[in-house]
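Student: Here the protein sequences come in this chain order: X and Z. Residues 1 to 213 in the numbering used here are what the first sequence lists, from first letter to last. Residues 1 to 578 in the numbering used here are what the second sequence lists, from first letter to last.
Treat each hint with caution, since some may be false.
With a straight-line cut-off of 16 Å between C-alpha atoms, the simulated EDC-like cross-links for lysine to aspartate or glutamate are [to be verified]:
hint: 1; chain 1: X; residue 1: Lys79; chain 2: Z; residue 2: Glu153
hint: 2; chain 1: X; residue 1: Lys79; chain 2: Z; residue 2: Asp321
hint: 3; chain 1: Z; residue 1: Lys160; chain 2: X; residue 2: Glu89
Covered stretches of chain Z, going by a simulated chain X footprint (3 or more residues, C-beta under 8 Å) [stated by the list, open to error]:
hint: 4; segment: 136–144
hint: 5; segment: 315–323
Some residues of chain Z that are not near chain X, with every Cβ distance over 12 Å (derived) [unchecked claim]:
hint: 6; residue: Gly33
hint: 7; residue: Tyr55
hint: 8; residue: Thr132
hint: 9; residue: Ala243
hint: 10; residue: Pro263
hint: 11; residue: Leu433
hint: 12; residue: Gln489
hint: 13; residue: Val494
hint: 14; residue: Gln528
hint: 15; residue: Ala538
Calculated from the structure, these hints are not laboratory results. Ideal Cβ positions, reconstructed from N, Cα and C, are used throughout, including at glycine.
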Amino acid sequence: MSIAKQNNSATHTHSGIAGKHDFTITVYTENQVGLLNRIAIIFSRRKINIESLNVSPSEAEGIHRFTIVISETEEVVRKLCRQIEKQVEVLKAYYNTDDEIIWQEMALYKVPTDVITEKVKVERLLHQHGARAVVIRKDYTIFETTGHREETEGLIKALEPYGLIEFVRSARVAIIKASHGFHEKLKEFEQTEPGEELIENEFLDKQDEVFTM
Amino acid sequence: METLEITKEKEVANATQNISGSQAVLEAFIAEGVQTIFGYPGGAIMPIYDALYDYPNKLKHILVRHEQGAIHAAQGFARSSGKVGAVFATSGPGATNLVTGLADAMIDSTPVVCVTGQVFAHLLGTDAFQETDVINITAPVTKWNYQITDATEIPHILAKAFYIARTGRPGPVLIDITKNAQIQKFDYESYTKCEHIRSYRPKPIVRKQYVEEAAQLINEAKKPFVIFGQGIILGKAEKEFKAFIEKGGLPAAWTVLGLSALPTDHPQNVGMLGMHGNYGPNVLTNECDVLIAIGMRFDDRVTGRLDKYAKQAKVIHLDIDPAEIDKNVKSTVPVWGDCKETLPMLTKLIDKKDHTDWLNKFHEFTQKEIDIVINKELNPTTEIMTMGEVIKTLNELTNGDAIIVTDVGQHQMVACRYAKFNQSKSNITSGGLGTMGFGLPAAIGAKLGAPERTTIEIVGDGGFQMTIQELGTIMQYKVDVKIIVLNNQFLGMVRQWQQLFNDKRYSFVDIQSPDFVQVAKGYGIAGQSIKDRKDLKAALQEMLDHKGSYLLEVMVGKENNVFPMVPQGCSVSEIRLQ
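Isolated chain Z, as found in the complex:
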């Protein structure tokens, strides 16, 4: 026994290598299964980039055009692949350019690990060139962050970083590494993945008592209503969720981030919640008797006026994050835990039912919405095209199999409302933060995260110009992203609000755009612009058939509005159809 121990020790001793901190960073990324890194080099991260030069076959580095592009791309990658996104950036401006993406990933629970370079440890706090206090700047927008000043810390800190980013409610993690630690050589043994941190509990323990109480409420309910969010997708619980609603005969509506967790044409999928959601789900939220919220956080854009939100209902809230329970809406029964575990437990206990009459009530509302809103949007009689008919035609051609990445604004709401989805992880958008400029870089990442899938970015003329430089990334790496610019020559969503609530005072929403097709051409990306309905289908087909990336600009109505709409400060049942 003793000799065995000794040989083991010897083996370990033999296995140690003297490597640099930078190499240790890359070894960690490889050990965590990272293959693609989005980044941008700079002074303080040069040692890592120098080491990266020796890993051309193991790590693919995508050089973006701006660090914001890197982190949004990593987010898109994470969302389409279900893996952790990876980012490299330098100190100072490189790191501060990540902040928007970190905030976006934080609020939308996207697992991303960012490594930023930092000035030498002895220069910390001296206002050195490109020094910023990245740890403190990013504290509120990261799930965890840590500054490494000694190379020996690198393996176990990066192991923690990946573990924290992907487990529990996922989120962004930033590791700031001083230049001396990147250069420093140390005895590296091997990389051990982190599986436990004593002060960190990724998921609360499921209490059976709650599951039983929840099942009883559901079984007694006459008008149960399920609302679901991204928790289903993050928990990889799409199957469990489908089984649950099918056994209970439960109508289910989604939040913007929950979209695609359940196929859009599932008979129990009753549509979208919230400000620009569907008529039925909004109105009937205030009529259901049991509201079952799964993996969603009752964002104000979903609830509208809180004191008039589902007051009549008993609320069951399933969430992995205990801080979400009772944060906005008081729950009757809180089911803490991972929905991958709690949903099957619940499914087992609920009675097989079909709430046909109740489901039909949703359909009645849908019909009304079709008559007043949807028909006008999808089959317009106006000369100029609507955003909705572009999405409808796209659905016909992709049959709902594409990944749709959207930016933020009217086109986003229209895309979410009308795009068809057959499989999960297909709708990628900036939900919580509403980051204009998210779309293009996120689409690059999404395509690289799921290369076999058609990836289409739908973007407005405003948001496109916020990160348009990433066309350069598409060019350089030949990323096959299809870009549809829905151009209404306005910052449309703000204009809509100004029209409805500010007496049509169009204050600085009149945005001029370059010739997008020419810009794309400059980047070697094919494209065309259309304004006539008769060209739409052929143009979309041409875009889809084109080998490689393609930009299609569609001129749409300048002053079209997205309806229905729950005006700010109103209850969900006060939703306006026009």
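Okay, chain X solo, but in the shape it has when bound:
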């Protein structure tokens, strides 16, 4: 029993075992020093690992957008989103499963240039994975691919036998398929008296395509 449990926790990231799935949390916030910590400790307090975290500007001017990936049960994720929304500088937190979003991660690979020039197989490999050369130097070449985790990981495996020198992958960035963006919402937030639309409520809104808090 305990062994099975250990196995679960070792593989839970993508498997969905024990009801855990990858969820992408999208948080719209003010741009404020210290907010990253306030959001991060909501996870660490509950001993939840953040798989990936990205902070960038959003479609609305002055509003920042956090994209956080964690593997948890939906119930836990919903409670986390409520705690995140409680932060004074957070405007809105959404969570989505992978099929509700379009997402990408970018990866960079550094490989010895001589291997590529000498081995046609490697060149073909890079082609197959849609890799693009960013820098070509005498000693090494840097390739870039963008895609899902499996895709960027696939290329590592393929390149490993040929002496992959360095590898790095960016955090996930994601667009919610059914979202209409934040411009209209922001206008409502700016009003002193918000409309009903603003303070959404899952019990009434669960029929919506996009789950919102």
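On the provided structure of chain X, position chain Z as indicated by the hints.
Tutor: Quick look at chain Z alone, frame taken from chain X:
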């Protein structure tokens, strides 16, 4: 029209003054209606203290003996007055000493604004003298915090601080101000109170649909049961709450922090919930058909074992904080919003009823509890006194009009169980965090927050020694706090658990105490110690009649236990009477 605009502008220009950041801080406090600040000076907050020297008539500063005392006093002040408590402390150790109080205020939703000094901005991150990363240390225990490095930020940041602390679900806010910003002079116009922050919604919008659904559930219920918490007091909705339960004929039980929101002898007040709560409310939680939770958060000390908590009931949860809905107990109907608004809406829609049979069921349980537990505690036949009889005698003398501030432990549970309250904001205790040492400083603050009311601190021999230095504050400001030390010569609550669950292995609960009366005397506080029942009433009377603060030590049974008790990991219906 144009000329008018120009004159207006001119007026504003004339109105600007060149003041220091420190003065701006004090102006903000005054504009927010603060009159009393609890604090302790130090290097990094010296400019603010220097400015404070010029405001002797507008701001009263209470010099405590330790910063923890300052924040607990501010909490007591906030809880007895319904206003925001205010604290000043210096950087480094001054600020870290606030952490316990911040955590306490956070979990008990107490509005407090703390200003801490910080090293010069150019020294941030250099491990300067008395530098600590206060913003990050306090992030998890504040509703909001912010570091000011430029004086021009002070007016609007402090306006935000007060707005955030007092609105919605209240909580502590900490503003860290670097020394350069305190000294810096800038053109100050005027102070504008904050009324809106676009990313912050203090209260969710009430959805009528839920109120209607909730009313329907209540109207169909045969055995409805109301459980209420501090939300009623924080929402200033005591009247609305009373009207609601009276129209519906609903029995109502309280959490430790909800105590005093409804007078204790109201016929529908059926007692206390939770681990050491009353028999009826605990058992009948698992028999009611509709559970109406108002301004409470289903703490584990209230629910006991969650998977066996009120499973048979439909749950209506009224709360201002959306994060509380479904956090611990799944609700059938969530009524998000301020209960000051939602309760009258609900009252309007519910039928006038009296659930006499159902209410009588509570009374039957009460009778059983009286026979097995309460009689023994309030009218003991033992030679040595019980904590309960002290509270009972106190009730007779105060008639339930006093503010009772408690510390944490057995005396706290006994005081909550037996103290009588006629008015709201009268029970002040550390509920969520269970902070020993809270009582004495909180009582100082409570008295200053409601000077016209008798304020009595009930404390154990352990907790008293945790913040006993605040007797110095009582001495210096002649704060009229009555202190009752219920001395059982043990860390009683831990001892009780060790007796019941650890096979009487009394591991480090045998605490020695100084002669408390002598200690008080050293601080110029009158007092006496009694151990005989025959002296109790007269001693309490003497304490109440005494002009100024007074310490009464009552020696009580060493190994008395607080019952009933829901043992940890048990369901509320498995409550033990002995």
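Student: Each of the hints needs a verdict: does it hold here or not?
Tutor: To see whether the hints hold, each was checked on the structure:
1. Using a Cα cut-off of 16 Å, the hinted pair X/Lys79 and Z/Glu153 is violated, with the two alpha carbons roughly 34 Å apart.
2. Taking the CA atoms of X/Lys79 and Z/Asp321, the gap is about 12 Å. The hint holds against a cut of 16 Å.
3. About 12 Å separates the Cα atoms of Z/Lys160 and X/Glu89, which keeps this hinted pair within 16 Å; it holds.
4. Restraint check on the segment 136–144 of chain Z versus chain X: 5 residues with Cβ-Cβ distances below 8 Å, three needed, restraint holds.
5. Only residues whose beta carbon comes within less than 8 Å of a beta carbon in chain X count, and the segment 315–323 of chain Z has 3; three or more means the coverage holds.
6. Non-interface status of Z/Gly33 relative to chain X is upheld: no Cβ of that chain comes within 12 Å, the nearest being about 22 Å off.
7. Residue-level check passed: Z/Tyr55 sits 29 Å from the nearest beta carbon of chain X, beyond 12 Å.
8. With a closest Cβ-Cβ approach of about 15 Å to chain X, Z/Thr132 is found to remain outside the 12 Å limit, as its non-interface label requires.
9. Non-interface call for Z/Ala243 relative to chain X: holds, since the shortest CB-CB distance, roughly 26 Å, exceeds 12 Å.
10. Z/Pro263, annotated as away from the interface, keeps every beta carbon of chain X farther than 12 Å; the closest lies near 33 Å.
11. At roughly 15 Å from the closest C-beta of chain X, the C-beta of Z/Leu433 stays outside 12 Å, upholding its exclusion from the interface.
12. The claim that Z/Gln489 is not at the interface with chain X holds, since no C-beta of that chain comes within 12 Å of its own (minimum 38 Å).
13. Once the 12 Å rule is applied to beta carbons, Z/Val494 is consistent with being away from chain X; the minimum gap is 26 Å.
14. No beta-carbon of chain X is positioned within 12 Å of the beta-carbon of Z/Gln528; the least distance is around 47 Å.
15. Under the 12 Å C-beta cut-off, the non-interface status given to Z/Ala538 relative to chain X holds; the minimum distance is some 52 Å.
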